[in-house]
Amino acid sequence: MPAKHCESAVVIENQPVADGIFRMVAWWPYPVQAGQFFMVRGWDRFPLLSRPISVHDADGERVVFLYEVRGEGTRLLSEKKPGETVLLSGPAGNGFPTGQIRGKVAVVSGGIGIAPLLLTVKALSGCAVTLCCGFRDKSYGLDAFRPYVQEIRVATDSGKEGHKGFVTDLLDPADFDAVITCGPEVMMEKLARDCIAKQVVCYVSMERHMACGVGACLGCTHHTAHGAKCVCKDGPVFRGEELYA
Amino acid sequence: MLETVFNGIAMKNPVVAASGTFGFGREYDEFFDISRLGGICSKGLTMEERFGNEGERVYETPSGLINSIGLQNPGVDAFLREDLPFLRSKDTAVIANLGGSTIESYLEGVEKLNETDVDLIELNISCPNVKHGGMALGIKCDIAYEAVRQVRQICKKPLMVKLSPNAENIVEMALRCEEAGADSLSLVNTFQAMAIDVDKRRPVFDNLFAGLSGPAILPIALRMVYQVCGAVTIPVMGLGGIASWRDAAAFLMAGATAVQVGTANFIKPDICLDIIDGLEQFLRSQGCRSVSEIIGAARQ
Ligand SMILES: Cc1cc2nc3c(=O)[nH]c(=O)nc-3n(C[C@H](O)[C@H](O)[C@H](O)COP(=O)(O)OP(=O)(O)OC[C@H]3O[C@@H](n4cnc5c(N)ncnc54)[C@H](O)[C@@H]3O)c2cc1C
Ligand SMILES: Cc1cc2nc3c(=O)[nH]c(=O)nc-3n(C[C@H](O)[C@H](O)[C@H](O)COP(=O)(O)O)c2cc1C
Ligand code: FES
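Order-wise, the sequence lines are chains A and B.
Everything in the first sequence is counted per numbering that gives the first Met the number 0, starting at 0 for the first residue and increasing by one.
Everything in the second sequence is counted per numbering that gives the first Met the number 0, starting at 0 for the first residue and increasing by one.
Derived by calculation from the structure, the hints in this document are not laboratory data.
Careful: at least some of the hints might be erroneous.
[Unchecked claim] If the Cβ cut is set under 10 Å, some of the chain A residues that face chain B in the computed set are: (1) Cys5; (2) Leu48; (3) Ser49; (4) Leu86; (5) Gly212; (6) Cys216.
[Unchecked claim] In silico lysine-lysine, DSSO-like type, Cα no more than 27 Å apart, as pairs: (7) A:Lys163 / A:Lys137; (8) B:Lys155 / B:Lys11; (9) A:Lys79 / B:Lys155; (10) A:Lys103 / A:Lys163; (11) B:Lys89 / B:Lys155; (12) B:Lys267 / A:Lys228; (13) B:Lys11 / A:Lys3; (14) A:Lys159 / A:Lys189; (15) B:Lys139 / B:Lys156; (16) A:Lys232 / B:Lys267; (17) A:Lys159 / A:Lys232; (18) A:Lys3 / A:Lys121; (19) B:Lys89 / B:Lys199; (20) A:Lys3 / A:Lys189; (21) A:Lys3 / B:Lys155; (22) A:Lys189 / B:Lys199; (23) A:Lys80 / B:Lys89; (24) B:Lys89 / A:Lys232; (25) A:Lys197 / A:Lys103; (26) A:Lys197 / A:Lys137; (27) B:Lys111 / B:Lys156; (28) A:Lys103 / A:Lys121; (29) A:Lys137 / A:Lys121; (30) B:Lys89 / B:Lys11; (31) A:Lys163 / A:Lys189; (32) B:Lys155 / B:Lys111; (33) A:Lys228 / B:Lys89; (34) B:Lys89 / A:Lys3; (35) A:Lys3 / A:Lys80; (36) B:Lys155 / B:Lys139.
Idealized CB from N, CA, C, for every residue including glycine.
The following block holds chain A by itself, in its conformation from the complex (with noise of 0.2 Å):
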């Protein structure tokens, strides 16, 4: 059997979770892993590209996207309806390699970088992990956080919700034994560099605009400590020294 697969599955739901943000679940019967994501397709010809959607979480039978409207293609995903299907190709990448982490785990969001998160937490469940997340104005999906974290500290742009600031001012990453991140790159960057300095393990999850999103095209080339990667194929995954060391 093919390692990927590229089929129409499912929509079983498809609903607002918050303002813009929509959690999608359709049927995929393959195993996937935390940190991996999909090319996920809603439409026939346009737009051109599939777009890249983290696995939110999965059981071997659904699997779960969380996304943010942002343009016409996750425009067009909102307005699946149950019965309906989406071609999704993968899954892709490598994921979070959480059969090696241990002990205490921070693990920081930035807005829908939350999405990668829930299947990750899931998969620490020998860890205690305190889950950081950043948002604009108010949390959401966080109740499926709650069974298999010790702690949730919330951080808000505006301060209508937690911590009035940055997400990472809500920790000190020595305070941990591994640090787990998704989010826009300059709050991941400097979490990573804060991790290097203080000997902490951090995991980056990258984003790219992506073409293929299997390593073909060489669209998502990154300069890492090991040479050029590909963030599809090789990432989107990476050790905090191979970014940014």
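The hints should help you fit chain B with the ligands onto chain A, whose structure is shown.
Leaving out everything else, chain B with the ligands in the frame of chain A:
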């Protein structure tokens, strides 16, 4: 029914994965058995490893893709060592796409490829994403003629020259390449294009210009393939925006012996299989016994 002979190479079908859109096959082999393809063109190879261009490399347009990859590749030696054995283990024609910026670098590359079991060399005289060289070769007939002539003298493999749609005169260019000894032609490569980020008030690509591909270019590519097939006597692989069996059939009917599928692989990793199956069904429904019956069918 789809069996095709191209420059003496027996192919299962006339559907070939285009250079730069299929890596060295491994990534797509995770989705389907790439032995089902008629052939695979390697990513454009250069003598030395190249990192490619800085900055944004892909930009989507309505129905198109602009790329500025800049021939990122591991170099001919690494290809021969690490990728060719894998491709050869598959039952499909292997086409080595050779890029370069000077005639000397082409000659060096051809010498290396001569000693291997690649089926065909596709000489890319048309990459718009490499500064100095590349592009001028693809635009000026006289420079192209000289490059192809010198390569032909030492090349022991069938030689397919990949033409740029940016050539000053595509028919003239095709004729000169034929005259210089090309065994076949492939066209088209990407169209020189650009994009501007209006929020930043800056061009999207560090290199300013980059190459447009995808469905947006199909009608122009088809016109060029039609014109070239009317002018030359050597076989042609047609490409540019092919994303369905109907698109592929159109290029065959324009006179191409085979087709290449590029950007469409990004839409759906196994789209080539849809195209192969669709062509076969179409031929059956038309009562054809061989794909050769539709080649050039639309020519007057
Ligand atoms: C590996 C990976 C995983 C992702 N996971 C998620 C996820 O789980 N949930 C989610 O909401 N989003 C995710 N994204 C981002 C998502 O792919 C983009 O928001 C989406 O492609 C936008 O498409 P669009 O057609 O709606 O908007 P477009 O009109 O294409 O773009 C709208 C805006 O989004 C930007 N954009 C477009 N594509 C990307 C991209 N690939 N990366 C970054 N910015 C982009 C554009 O520059 C533009 O500013 C992920 C991206 C990557 C690379
Ligand atoms: C991302 C990308 C990389 C490419 N790299 C190469 C290359 O290395 N060598 C080459 O001859 N053509 C290259 N091409 C051009 C394609 O092989 C093809 O000629 C062109 O994209 C038109 O076909 P299409 O519309 O089916 O994609 C590349 C195209 C794309 C989109
Ligand atoms: S998106 Fe094509 S190589 Fe990563």
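Here's how the hints hold up against the structure:
no., hint, verdict
1, Cys5, "holds (5 Å)"
2, Leu48, "holds (5 Å)"
3, Ser49, "holds (7 Å)"
4, Leu86, "holds (7 Å)"
5, Gly212, "holds (8 Å)"
6, Cys216, "holds (6 Å)"
7, A:Lys163 / A:Lys137, "holds (11 Å)"
8, B:Lys155 / B:Lys11, "holds (23 Å)"
9, A:Lys79 / B:Lys155, "violated (55 Å)"
10, A:Lys103 / A:Lys163, "holds (25 Å)"
11, B:Lys89 / B:Lys155, "holds (23 Å)"
12, B:Lys267 / A:Lys228, "holds (23 Å)"
13, B:Lys11 / A:Lys3, "holds (24 Å)"
14, A:Lys159 / A:Lys189, "holds (24 Å)"
15, B:Lys139 / B:Lys156, "holds (25 Å)"
16, A:Lys232 / B:Lys267, "holds (16 Å)"
17, A:Lys159 / A:Lys232, "violated (38 Å)"
18, A:Lys3 / A:Lys121, "holds (23 Å)"
19, B:Lys89 / B:Lys199, "violated (46 Å)"
20, A:Lys3 / A:Lys189, "violated (34 Å)"
21, A:Lys3 / B:Lys155, "violated (38 Å)"
22, A:Lys189 / B:Lys199, "holds (24 Å)"
23, A:Lys80 / B:Lys89, "violated (41 Å)"
24, B:Lys89 / A:Lys232, "holds (22 Å)"
25, A:Lys197 / A:Lys103, "holds (15 Å)"
26, A:Lys197 / A:Lys137, "violated (31 Å)"
27, B:Lys111 / B:Lys156, "holds (11 Å)"
28, A:Lys103 / A:Lys121, "holds (14 Å)"
29, A:Lys137 / A:Lys121, "holds (23 Å)"
30, B:Lys89 / B:Lys11, "holds (12 Å)"
31, A:Lys163 / A:Lys189, "holds (18 Å)"
32, B:Lys155 / B:Lys111, "holds (11 Å)"
33, A:Lys228 / B:Lys89, "holds (26 Å)"
34, B:Lys89 / A:Lys3, "holds (18 Å)"
35, A:Lys3 / A:Lys80, "holds (25 Å)"
36, B:Lys155 / B:Lys139, "holds (25 Å)"
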